[in-house]
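Since chain A is already given, all that's left is putting chains B, C and D on it; use the hints.
Protein chains in written order, with the working numbering: chain A, 688 to 875; chain B, 688 to 875; chain C, 688 to 875; chain D, 688 to 875.
Since the hints were derived computationally from the structure, they do not count as laboratory data. Just so it is clear, CB atoms sit at the ideal spot from N, CA and C, and this is done for glycine as well. Be aware that one or more of the hints could be misleading.
Said to hold, decoys possible - A short list of chain B residues far from chain C (calculated; beta carbon distances all over 12 Å): (1) P706; (2) E759; (3) K788; (4) S801; (5) A809; (6) V817; (7) E844; (8) G858.
What the hints assert, rightly or not - Taking lysine-lysine pairs in the DSS-like style, the calculated list, with each CA pair at most 30 Å apart, reads: (9) C:K758 x C:K747; (10) C:K838 x A:K838; (11) D:K802 x B:K837; (12) A:K788 x A:K802; (13) B:K837 x D:K837; (14) A:K837 x C:K802; (15) A:K758 x A:K802; (16) A:K747 x A:K758; (17) D:K788 x D:K758; (18) B:K747 x B:K837; (19) A:K747 x D:K747; (20) B:K802 x D:K758; (21) C:K758 x A:K837; (22) B:K788 x B:K838; (23) B:K788 x B:K747; (24) D:K802 x B:K838; (25) A:K802 x A:K838; (26) D:K838 x D:K802; (27) D:K837 x B:K838; (28) B:K802 x D:K747; (29) C:K838 x C:K788; (30) B:K838 x D:K838; (31) D:K802 x D:K837; (32) C:K837 x A:K838; (33) C:K838 x A:K802; (34) C:K788 x A:K837; (35) C:K758 x C:K802; (36) B:K837 x B:K788; (37) B:K837 x D:K788; (38) D:K747 x D:K802; (39) A:K802 x C:K837; (40) B:K747 x C:K747.
There are 4 protein chains.
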Amino acid sequence: MTEDMDSKTHEKGQRYKIPGGPTQPEIVAISLLKLEVVPGDLVADIGCGTGTVTVALAQKAETVFAIDTRKEAISCTKEHCLHAGCSNVELIMGDARSIIKTIDRIDRAFCGGSKGIDEIIALLYARGSVRIVVNAVLLETVITTMEAMKKNGMHSEVVHLQISRSTNLAGRTMLVPIHPVYIITGSR
Amino acid sequence: MTEDMDSKTHEKGQRYKIPGGPTQPEIVAISLLKLEVVPGDLVADIGCGTGTVTVALAQKAETVFAIDTRKEAISCTKEHCLHAGCSNVELIMGDARSIIKTIDRIDRAFCGGSKGIDEIIALLYARGSVRIVVNAVLLETVITTMEAMKKNGMHSEVVHLQISRSTNLAGRTMLVPIHPVYIITGSR
Amino acid sequence: MTEDMDSKTHEKGQRYKIPGGPTQPEIVAISLLKLEVVPGDLVADIGCGTGTVTVALAQKAETVFAIDTRKEAISCTKEHCLHAGCSNVELIMGDARSIIKTIDRIDRAFCGGSKGIDEIIALLYARGSVRIVVNAVLLETVITTMEAMKKNGMHSEVVHLQISRSTNLAGRTMLVPIHPVYIITGSR
Amino acid sequence: MTEDMDSKTHEKGQRYKIPGGPTQPEIVAISLLKLEVVPGDLVADIGCGTGTVTVALAQKAETVFAIDTRKEAISCTKEHCLHAGCSNVELIMGDARSIIKTIDRIDRAFCGGSKGIDEIIALLYARGSVRIVVNAVLLETVITTMEAMKKNGMHSEVVHLQISRSTNLAGRTMLVPIHPVYIITGSR
Numbered sequence: 688m689t690e691d692m693d694s695k696t697h698e699k700g701q702r703y704k705i706p707g708g709p710t711q712p713e714i715v716a717i718s719l720l721k722l723e724v725v726p727g728d729l730v731a732d733i734g735c736g737t738g739t740v741t742v743a744l745a746q747k748a749e750t751v752f753a754i755d756t757r758k759e760a761i762s763c764t765k766e767h768c769l770h771a772g773c774s775n776v777e778l779i780m781g782d783a784r785s786i787i788k789t790i791d792r793i794d795r796a797f798c799g800g801s802k803g804i805d806e807i808i809a810l811l812y813a814r815g816s817v818r819i820v821v822n823a824v825l826l827e828t829v830i831t832t833m834e835a836m837k838k839n840g841m842h843s844e845v846v847h848l849q850i851s852r853s854t855n856l857a858g859r860t861m862l863v864p865i866h867p868v869y870i871i872t873g874s875r
Numbered sequence: 688m689t690e691d692m693d694s695k696t697h698e699k700g701q702r703y704k705i706p707g708g709p710t711q712p713e714i715v716a717i718s719l720l721k722l723e724v725v726p727g728d729l730v731a732d733i734g735c736g737t738g739t740v741t742v743a744l745a746q747k748a749e750t751v752f753a754i755d756t757r758k759e760a761i762s763c764t765k766e767h768c769l770h771a772g773c774s775n776v777e778l779i780m781g782d783a784r785s786i787i788k789t790i791d792r793i794d795r796a797f798c799g800g801s802k803g804i805d806e807i808i809a810l811l812y813a814r815g816s817v818r819i820v821v822n823a824v825l826l827e828t829v830i831t832t833m834e835a836m837k838k839n840g841m842h843s844e845v846v847h848l849q850i851s852r853s854t855n856l857a858g859r860t861m862l863v864p865i866h867p868v869y870i871i872t873g874s875r
Numbered sequence: 688m689t690e691d692m693d694s695k696t697h698e699k700g701q702r703y704k705i706p707g708g709p710t711q712p713e714i715v716a717i718s719l720l721k722l723e724v725v726p727g728d729l730v731a732d733i734g735c736g737t738g739t740v741t742v743a744l745a746q747k748a749e750t751v752f753a754i755d756t757r758k759e760a761i762s763c764t765k766e767h768c769l770h771a772g773c774s775n776v777e778l779i780m781g782d783a784r785s786i787i788k789t790i791d792r793i794d795r796a797f798c799g800g801s802k803g804i805d806e807i808i809a810l811l812y813a814r815g816s817v818r819i820v821v822n823a824v825l826l827e828t829v830i831t832t833m834e835a836m837k838k839n840g841m842h843s844e845v846v847h848l849q850i851s852r853s854t855n856l857a858g859r860t861m862l863v864p865i866h867p868v869y870i871i872t873g874s875r
Numbered sequence: 688m689t690e691d692m693d694s695k696t697h698e699k700g701q702r703y704k705i706p707g708g709p710t711q712p713e714i715v716a717i718s719l720l721k722l723e724v725v726p727g728d729l730v731a732d733i734g735c736g737t738g739t740v741t742v743a744l745a746q747k748a749e750t751v752f753a754i755d756t757r758k759e760a761i762s763c764t765k766e767h768c769l770h771a772g773c774s775n776v777e778l779i780m781g782d783a784r785s786i787i788k789t790i791d792r793i794d795r796a797f798c799g800g801s802k803g804i805d806e807i808i809a810l811l812y813a814r815g816s817v818r819i820v821v822n823a824v825l826l827e828t829v830i831t832t833m834e835a836m837k838k839n840g841m842h843s844e845v846v847h848l849q850i851s852r853s854t855n856l857a858g859r860t861m862l863v864p865i866h867p868v869y870i871i872t873g874s875r
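One chain only, chain A, in its complex shape (with noise of 0.2 Å):
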């Protein structure tokens, strides 16, 4: 872990500037809902950005691999890790499609990003990934994951989620959209 860690700035999310940003309460709840992960599980967080759902796959799995291209990233979900006290994840930088072939059992996997999203599912599947959650906010990426999905035998269902959250305007009640997010899930 860092020395440099500072829980404060790190809570008010101030330090390290992931694009994208933390993917939304509410996605990483129903991504979880849909990835079923049991005690035991070897889990992969694929693009794991800010880390906020490597730590809340932690609190399920038996081992998280976290996994960025984005020495940021990596740094961002190692100092949300100490944060939050998870001790059983793997902070791994590089190219998932590299780095799932030197890991030998990945049970279940969730994928924040899109990048090479076909090659990164048949990878899974080999192995041996009873469950894939991927989040998506490009059509093409959605058909893309479906494809790929059924190249391999999976079963794919997708769910479309369109957030809107309340903010007040003088004590009445206004509500204002998120950005609408595609989550696919694939199974065997």
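Leaving out everything else, chains B, C and D in the frame of chain A:
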């Protein structure tokens, strides 16, 4: 009409800054659908703002009364009408609750705002309005509007509209949501 | 026109059962907004179904070519047009891909279906169409449509529309969703 | 526990017909996220229905008070708890407004219904509830709930959730919407 009108700046909407901006074209289209204007109708546009709805109404109605409390809204609507060649629009600055009383007959009305909506509905009903369409973004306005319609013996329908529009992200397609709108239609 | 036409049964939509039913009025309104029909336009309604869109287009266009492979769709549209007093509609039964080739000029087109949409877009483009609007409920159709538009050098916009309508539940208001629709507009 | 329990019919939800059916899994997941149950909490599930939320709460809370006015809801929840192995659930049939008064302390509460929601919120607040989550499908309930929370000095947040799920149509993907839900969270 103002002498200093400049359709070029107008077209870009740079000239007058009206809080809230123009009603989105899809929302205008559905509001007009619900208003069911027929030739000969005298129609009020209450809270005309940038004049987007005024111009659309003017294509169908005999006369449009464009009402707004804000000087800049009246100026912007005037310019918008001049630009579109509408000659059947009466621009009236002031509080709709006072102005409606000075008009003998109003067949239909579109209300973009929420201030005093319950009184406005009662006044419109007294002027013979057969159909009133209200755009609301505040939950409280939806309820107040429905109650006012009910109180005046009007049947009300609410349509909740959640629209997202595509944006190109490196050749791929992300959908970006606009603020959800409740379109409430009162009819007798 | 069929002798056995009966506007009463027609009005209730009881007569002809067209799978999918009529396009919802809000979807029609936004599709027409996007199509931007101007006087003098020759417009194709591909997959005319119940004729709801045909009749709406006929109010604005010079001529509407209403095309459908199904006999009952052509009958229903014919009746719908007769009922609405539209005399500028040409009803053509058959596969749009063959029929489009027999028409010299098509300025704009609305496509309610998805069968052969990529070929249809290429053919419409060759007939000079400046604007094509496709209603899609299948994710795969959205992608195929955008790709076909891109291939023909058209710019495409997708609008995702999620509409809910109120229903009265013992004096209170529940919102019931209709199926979400993607409205894809290609323009050159 | 009932002697005639049959987990097989239970699993398929065939046994007891509870109007409204079980809360959808995605809605349960987000409601639990908002409730923020911590170990040691005494939690009330008001309007427990099929018991789906009861069982989910029982994994996290010290004790769950599952309350419903309907005999069949209590039976269904009992069976559901037995099936899931929950031993920390107290099933209580009756009007929540009377029952809450008989319980000394309720740390958090989930309310699936809307009957007497304003009184229920006041009573829960008096028992020390720090967080109350209400699922509402009626617009009027959203307003009543927010007002009751405000009156008791609670801060409220509304999340509007519009979920669509994929269905396979001849190898292609259609998204089918479930009823939108407002999740209102009161906290002090």
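Provide an ascending list of the numbers of those earlier hints which the structure does not satisfy. 7, 8, 20, 21, 28, 34, 37
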